[in-house]
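Given next are the chains, with one letter for each unit.
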Amino acid sequence: MKNVLIIIKKEIKDTLKNRAVFMQFAIFPVLTLIMENAIDIKDMPELFFTKLFSIMFMGMAPLTSCAAIISEEKEKNTLRVLMMSDVKPWQYLTGIGIYVWTICMCGAVVMSTAYKGKDVLFYLFVMGVGFAISVVIGACIGIYSKNQMVATSLYMTVFMILSFLPMLALFNESIKKIAKIFYTQQIRMILDDMSFDGLTLQGGIIVIVNITLAIMLFFLIFRKKGLE
Amino acid sequence: MIRCKDIHKSYNEKEVLKGISFDIDDGKIFGLLGPSGAGKTTLIKILTGQLDYEKGEAYILNKAVSELNGNDRKEIGIMMDQFGVYERLSCADNLKIFADIYDIPKSRIRETLALVGLEDAVNKPASNLSKGMRVRLQLARAFLNTPKILFLDEPTTGLDPMTQKLIHRIILDKKKSGSTIFLTTHNMEEASTLCDEVALLNEGVIVDSGSPKDICRRYNHQKKILIHLVSGNDLEFAHDRNSAEKICRLMDEGMIETIHSSEPNLETVFLELTGRKLED
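In order, the protein sequences belong to chains D and Z.
Using numbering that gives the first Met the number 0, the letters of the first sequence correspond one by one to residues 0 to 227.
Using numbering that gives the first Met the number 0, the letters of the second sequence correspond one by one to residues 0 to 279.
I should point out that these hints are in silico values taken from the structure, not numbers from a laboratory.
Be aware that one or more of the hints could be misleading.
The following residues of chain Z were derived to be distant from chain D, with all beta-carbon distances above 12 angstroms [stated by the list, open to error]:
hint, residue
1, E14
2, L67
3, G69
4, K73
5, G76
6, I77
7, D102
8, E118
9, L128
10, A141
11, H167
12, V204
13, H238
14, I246
15, G274
Calculated cross-link-like contacts (lysine-lysine; reagent style DSS-like; alpha-carbon spacing at most 27 angstroms) [stated by the list, open to error]:
hint, chain 1, residue 1, chain 2, residue 2
16, Z, K130, D, K1
17, Z, K245, D, K8
18, Z, K73, D, K75
19, D, K224, Z, K13
20, Z, K13, Z, K27
21, Z, K105, Z, K130
Idealized CB from N, CA, C, for every residue including glycine.
Same shape as in the complex, but just chain Z (with noise of 0.2 angstroms):
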């Protein structure tokens, strides 16, 4: 469905994608994963037409990037921060709008609306939107035409934990209905609650790839077992055959308060692999 080959691309003879490649099956969400300033924008503006590179192959939808046509388009939707909205224009109306270029019933534009949970204000102004609702009005905009492809360009930045949920949930909703989804984020835990496969992307490289716990499997070089005890105090024991004898008494004479095993996130394999954190 989405398909890259070795990006190249340049701002100023500072090369900030460099060589990326990676392939999106059908019906997946696929997240970009990186610190502000990675390439993540650049990568979607390259892949929706929005901007040109210098060397590589760019696929959606079986065919090159340069060769989509207007069929096409309409089969992607976008949602980046950088888009805005009709501010004088109500809720209804701006996606009105694009559902007269889609040629989208009209009844269309309620059930989005209500499915992002803006079914109250249908006929509020745009400037009158918290940022929350303003995030719900581009993601309804993004997939009124029921994309095949949904590209939201870090969705959930600064919005509230509530929002953050319900964005979520809409989400996942439309990968179960069929969409293909490229999501970039520096939220690890949303990486790993949403994405079938992530990409860790660093100052233009991805520095490694796989659905998310692979990756955290992978780097899990610690191997222990963390275990917080009712008197307060912490152990730590291997991850082997003879712990589990000690950690089977503990747990008899009930002094176990937690258990945890040591297995990395997201974030600790980014910061491992770039000494870099996520949220830079």
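Only chain D is shown next, with the shape it has when bound in the complex (with noise of 0.2 angstroms):
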């Protein structure tokens, strides 16, 4: 655990000094305050872009992040000097887990402030969810890429699928068909309901074959390729 925690406070001053991490928690956020309170159109479904923003924050922001702090440590060689020093690979792992998730709860908490009473508790649920699967994606994209470049196109590619595609299936219907595989569109329509009604038996288990699909892959990759 001692370990752990060291990542964790690694991590907290190297994001305080890396802009570019440290936006793509923010952005979101900031974002999302400032549209709800500054664009007010008629007609506009309640909380439009908290629930917008929120769902492209959370395939976004954990997922990239994760893959790319795990990269970055391999390309570097920081990370076997970490293993060498002996920390474990799963307290690294741990470590980043928990340090990215949390930092995206924080993010999560400036954005349910548009929401009031049990609505809060049941956003940052769903979001916590959302994130943890995020997290899990990013570190078998960290651990699968042998450095920075290979990461990048990599989580480009898939955050665009799990962030865009929610979006646009708010205008297209075919694409609301595909959207409908990935945990964010299924979580996206559990915002809409700000309930578990929301949530089809079909929806179920699309979220729980995702999660599955995702703690499969990261067992996998991590067998293959280790922290190395």
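Put the two chains together into one complex, using the hints given.
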């Protein structure tokens, strides 16, 4: 546990000095606050920007930052130094995962200011589940990638699908049919209703399949590639 | 302290280490001397458990390398050129991560940075360090935990002579404080200055080993004395009694500008043994 905390502390210091990663964490919460307060269009669905940006934030920030952190450490060979200092791979990955998830949850807290009462807790719970899945997918990409360039090309593709399909699904039924197979679209539907009533049996199965696939992929890639 | 017996290692069917054996006693500096591509870094990786090998035995701290546990690893410091530093973090923060891992008091961070001459760069981000300073930061990280064994992979390659001297001083200080040091280099002067024992590695084979002086003496076939006269002429004398009288006479007459014996150095020994230069 001590090493997990050391990794988290290291990442906090590093993020404060890394504007690119810091922006990823901050941009959507800040945009949400601005848009919700500044734009008021007639007949616009309630909390439209909060719901829209929440899904984009969920599909992008944890995934890209997790993949970027791991792949950078691999490329710069700092990860090997940590491993040689007796930090176990699971300690490192847990530290990174907890750190990214927590920072994203802080962003979600900022975004949740538009909600009231019980809705806040419901929103944070749903976002927390979504962030966790994205963190696992980001870790898969980071572990798989030899360097940052490979990681960037992979996570760009994945986050475009996970983040933008639910947004495009708002305007196009065909895209909606495809988007439904991803957890981000299912979570979007839950957020639309602000209750689990928005989640159908089929939707629930899709989310569980997404979680299972992400975890299986993680163990498969980790077994094949390790952290070296 | 460190023992290798008949180590074999191949990459894609090409054998890069072909039966490496040696023993290193406590508190000694052992130099593995060889040109680029000889297998030096591969051997360090094997000894530090970063790489598997096909055949042979490798022991550190009287344990097989594969059996080293977390506590054993804390007794080992490694400095390799490939090992990066956290670019955005300051020198102190870079070391703090490892001080926390090793449970070392924070006061040691400043002490260690001062030891490598980085006392003025404590709060400087690693990305702003020169190459020499970066190497010193890597060195500081390697011996932050006062390890019993230090592995240094070409610690002075590409550095200016001043920084090289500083690093040599640090390495010798570490030896004095009891560390056993395994050093790879292709700089024969460095090996002669620092090492108690060296092994000459060429294409995965140790072609000779021993103390630098012994090796040079062993290959002193010429046994000549070279004299440069005040007049500008050079003379060669055999290393025997007959020459003594002639040399004494020249000295008496004040005709000698410089006088040298012709022992080979590690570079010429390596050239004689392999037909290759160390700096190849």
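Results of checking the hints against the structure:
1. E14: holds (22 angstroms)
2. L67: violated (10 angstroms)
3. G69: Given that some Cβ of chain D is not farther than 12 angstroms from that of G69 (chain Z), nearest at about 4 angstroms, it is violated.
4. K73: The assertion about K73 (chain Z) is violated, with a minimum of 7 angstroms to chain D.
5. G76: With a cut-off of 12 angstroms, G76 (chain Z) comes too close to chain D, as the shortest Cβ separation is near 9 angstroms.
6. I77: violated (6 angstroms)
7. D102: violated (8 angstroms)
8. E118: At about 21 angstroms from chain D, E118 (chain Z) clears the 12 angstroms cut-off, so the statement holds.
9. L128: It holds; L128 (chain Z) is separated from chain D by about 14 angstroms at its closest Cβ, greater than 12 angstroms.
10. A141: Check fails; 9 angstroms does not lie beyond 12 angstroms.
11. H167: Non-interface label stands for H167 (chain Z): nearest chain D Cβ at 23 angstroms, farther than 12 angstroms.
12. V204: Check passes; 28 angstroms lies beyond 12 angstroms.
13. H238: holds (50 angstroms)
14. I246: Non-interface label stands for I246 (chain Z): nearest chain D Cβ at 56 angstroms, farther than 12 angstroms.
15. G274: Given a closest Cβ separation of 34 angstroms, the condition holds.
16. Z:K130 x D:K1: violated (32 angstroms)
17. Z:K245 x D:K8: Given pair K245 (chain Z), K8 (chain D) is violated - Cα atoms ~75 angstroms apart, limit 27 angstroms.
18. Z:K73 x D:K75: holds (22 angstroms)
19. D:K224 x Z:K13: Satisfied, since the Cα-Cα distance of roughly 23 angstroms is no more than 27 angstroms.
20. Z:K13 x Z:K27: violated (32 angstroms)
21. Z:K105 x Z:K130: Given that 27 angstroms is the threshold and the Cα spacing comes to 25 angstroms, the pair holds.
In summary, the numbered hints that this structure violates are 2, 3, 4, 5, 6, 7, 10, 16, 17 and 20.
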